[in-house]
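Trainee: Here is how the chains run, residue by residue.
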Amino acid sequence: MNKFAYLAVVSLGMLASVDCIAHHSFAAEFDGNKPVRLVGVITKIQWTNPHSYFFLDVKDSKGIVSGWTCEAGNPGALSRRGWNRGDIKLGDTLIVDGFLAKDGSHLIDARRVTLPNGRNVYGGTPGDGGPEDQPSGAEPAKN
Amino acid sequence: MLSWLLAACQWLAATPLGTGIRESDNLFSVIETIHVLDIAGTAGVIAIVDLRLLGMLFSQSEVPEVLSPLVKVAWFGFALMAASGLLLFGAEAADLYANPAFRWKMLAIIALGLNQWIFHTGGPRVLAAVLSLGLWLTVIVLGRAIAYVS
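In order, the protein sequence lines correspond to chains L and S. Position 7 of the first sequence, counted from 1, bears residue number 6 in numbering that gives the first Met the number 0, the numbering being contiguous throughout. Position 20 of the second sequence, counted from 1, bears residue number 19 in numbering that gives the first Met the number 0, the numbering being contiguous throughout.
One should not assume that every hint holds.
Claimed, not checked - Pair by pair, the computed Cβ-Cβ distance ranges are:
# : chain 1 : residue 1 : chain 2 : residue 2 : range
1 : S       : 139       : L       : 102       : 26 to 36 Å
2 : L       : 90        : S       : 71        : 39 to 49 Å
3 : S       : 69        : L       : 92        : 52 to 62 Å
Said to hold, decoys possible - To spell it out: a stretch of chain L is covered by chain S in this simulated footprint if at least three of its residues, at any positions, have a beta carbon under 8 Å from a beta carbon of chain S; those stretches are:
# : segment
4 : 44–52
5 : 71–77
Honestly, the hints are just simulated from the structure, not real lab data. The beta carbon of each residue, even a glycine, is placed where N, CA and C say it ideally should be.
Produce the entire structure from the sequences given, and follow the hints as far as they go.
Mentor: As structure tokens, then:
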């Protein structure tokens with residue numbers, strides 16, 4: 000994508016009041032300077048187009064549990080990387096490395112997900128321009 | 000507000016077809032691609048019609064000569080656009096119900112229909128052509144904006 004188109008997309012994203020349930024570039028919603036790691040128990044799975052979501056209960060250092068939403072790529076993009084819908088289920092513990100939403104809500108972009116079987120999967124939307132962006136079909140990065 | 004409409008949208012999204020498309024590996028993107036390419040083609044054909052009505056394109060040819068083949072293509076394109084759009088809507092209906100860009104887009108499509116109807120009952124053709132160009136542009140921009148607002 001050329002610079003102008005990129006700026007246009009980013010500006011449009013910033014103009015719009017961004018919440019969840021939308022299809023967009025990484026920068027429209029997330030801050031690439033705010034990495035985060037969540038370890039939590041899955042409470043809800045949305046294996047959906049144009050983005051998938053999974054919801055985690057995350058316990059902080061004081062033992063307080065709070066709910067987080069993790070946004071990932073669409074089902075086709077994830078299954079092409081070997082992450083199929085049956086690989087996670089309610090109650091499983093996930094480790095998710097991602098980036099915080101710009102609006103400060105409990106929403107992250109799930110860039111790297113450690114599945115219950117220990118396998119690492121890239122969770123991003125192909126071509127979204129975010130950190131470690133991997134277009135569809137690209138080799139997964141080494142861990 | 001309009002709780003029956005919300006209920007209908009939620010019902011549609013929960014049908015096997017809506018759920019199947021929403022959770023599909025490839026079907027959603029295939030339908031989305033058809034929808035977007037079809038809008039590009041159909042709005043392009045309609046723009047040629049509008050520009051002829053404004054005398055800015057093919058003005059050496061008679062209006063019916065330019066319009067009659069293009070209008071057939073435009074109706075075919077519109078039918079495919081509506082069908083693919085309905086399937087995409089079904090997949091996300093429960094969320095789209097509240098999406099302001101989607102709501103405005105539907106109003107713009109209704110306005111396009113009214114404009115078409117008024118033109119066919121003998122309304123001024125220059126105004127119809129200008130409104131058509133502006134409204135199609137609006138529909139395309141709002142369609143893309145659906146993904147960025149909620």
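Trainee: Next step is simple, just say for each hint if it's right about the structure.
Mentor: Results for each hint:
no., hint, result
1, 139/S to 102/L: 26 to 36 Å, "holds (27 Å)"
2, 90/L to 71/S: 39 to 49 Å, "violated (57 Å)"
3, 69/S to 92/L: 52 to 62 Å, "holds (59 Å)"
4, 44–52, "holds (count 4)"
5, 71–77, "holds (count 3)"
Violated hints amount to a single one, hint 2; each of the other numbered hints is respected by the structure.
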